[in-house]
Amino acid sequence: MEHQPPPFFHRGPSPLARLAFFSLLSLLLLFGDARYRYLEGIRQGVAVVLYPLQRLATAPSEIYERVSEFFVTQASLTEENARLRQEKLLQSVRGQQLDALAAENARLRKLLETRPRFEGGAVAAEVLYGGRDPFSRKIVLDRGASHGIRAGQVVVDEAGVVGQVTRSYPWISEVTLITEKDHAVPVQMVRSGLRAIVFGSGQDGALELRYMPVNADIQNGDLLVTSGIDGTYPAGLPVARVARIERNAADPFARIFCTPAGGVDRHRQVLILAERPKAPEQPAQPAEPKVRARKGKR
Amino acid sequence: MASTPVRAQELLLPVKAGFIVVTFVAAVLLNLLPWAGVLLWIKPDFVAVLVLYWCIHQPRKLGLAGAWALGLVMDIADASLFGQHALAYALLAFIGIVLHRRVLMFELRHQVLHVLPMLLAAQVIMVLVHLAAGAGFPGWSYFVGSALGAALWPVLSVLLQLPRRPKPDPDTV
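From first to last, the protein sequence lines stand for chains A and B.
With our numbering, you'll find the first sequence wraps up at 293, consecutive numbering, no jumps.
With our numbering, you'll find the second sequence wraps up at 304, consecutive numbering, no jumps.
Hints in this document: simulated from the structure, not taken from any laboratory.
Fair warning: this is a prediction, and the values are worked out from it, not measured in the lab.
Beta carbons: idealized from backbone N, C-alpha and C, even for Gly.
Some hints here could point you the wrong way.
[As the list claims (entries may be wrong)] For the chain B half of the interface with chain A, some residues (derived, Cβ under 10 Å), not all of them:
no.: 1; residue: Val159
no.: 2; residue: Leu160
no.: 3; residue: Asn162
no.: 4; residue: Trp166
no.: 5; residue: Gly194
no.: 6; residue: Ile207
no.: 7; residue: Gly214
no.: 8; residue: His216
no.: 9; residue: Pro248
no.: 10; residue: Leu251
no.: 11; residue: Val255
no.: 12; residue: Ala266
With the sequences and hints as input, model every part of the structure.
As structure tokens, this is what we get:
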């Protein structure tokens, strides 16, 4: 700022003024995005423009994988084949039982007049790339709104829950992994039936069960499955296994660390489960005034 | 080193706006490569280094507005908070434009020492934004990317000046 340019070299506002303007604009955007999540339209538009670049950037690794797949040795193929056969045999035994169980379950549910369990389809998707923001745990899949993917759908792999679709663009979708900091999944312990909520810790391969009393019935190795009471996750999907429990009498809650059951950060193929039908609305609460009225009568 | 560093100022061809656009497309592409694991952490932000390069070498061609818009593009590509890269790049462009005469007086290896704190400042902005949004501190290794970005500076300077060298005149010896 030591000298002013002559007026015929006029360059508009000074850099400092521009910096102030753009900083303010960025802060507004940041606030709007973090709090209210508007501007999703702009995001969608720019994402469409970026799509070819994204595909181009992932092309070398895709080609490498195709080529290395082509040059797989026969030994590893036969080995994999044998393993798959074995797995299929095991699965088919279970499948036969499943048919009978499903029929029985349907009959019992009819007797009890409860709503049938949701059985929806799923879309197979491939991971385009892991999230590039080191602060958040996200992956990007190669299926998007044009394949019927919407925000809120659940993503699983063969072993358990991976995450949840948080944004869907026309051809790709963004999945927040369950290890994302403060990402919550309602779970139930298989052994004891205890309900809880498991939170992501923001680190790879680590989840945390919060707000469990020190004397809660939890052991190392307990399997946590989704409880399905949130209306988002279907019930019974494996989520995590308890890895370490720290019970400290000084704290009101036990610190319980879990490891995800699914390969949250080491898979390529995943399944996106179809949306669940909306859970019935919570009943309005007309009960309260009635109680008060009764009290008033007394 | 006592003598004043008088650099033989080369006469270079003017930069076409198209060339700048092409370099940025390449940088975005490099940023979009499927980095993973440790590489993701220490990866230099190619777009940031390039924003700084053009702001220092061609402050009339790339200003704060351009840098800010590029930041928005990176925000969407990275699925990060909207405005985080934009804020960092705007600051980077500001420092670059204000200090461009000073930086260019130095030799390439001394320019690196100028570029490093600038890139660090941009990364500190990103960390602050995340801390404000509730994320945890990512650890010091996060800043290695800036050091690598600064190390990239001489390479980038030489590479980007190659197409701007005037073609040798066959009539002169």
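Quiz item: Against the structure shown, which of the earlier numbered hints fail to hold, in ascending order?
Solution: Of the numbered hints given earlier, those the structure breaks are 9, 10, 11, listed in rising order.
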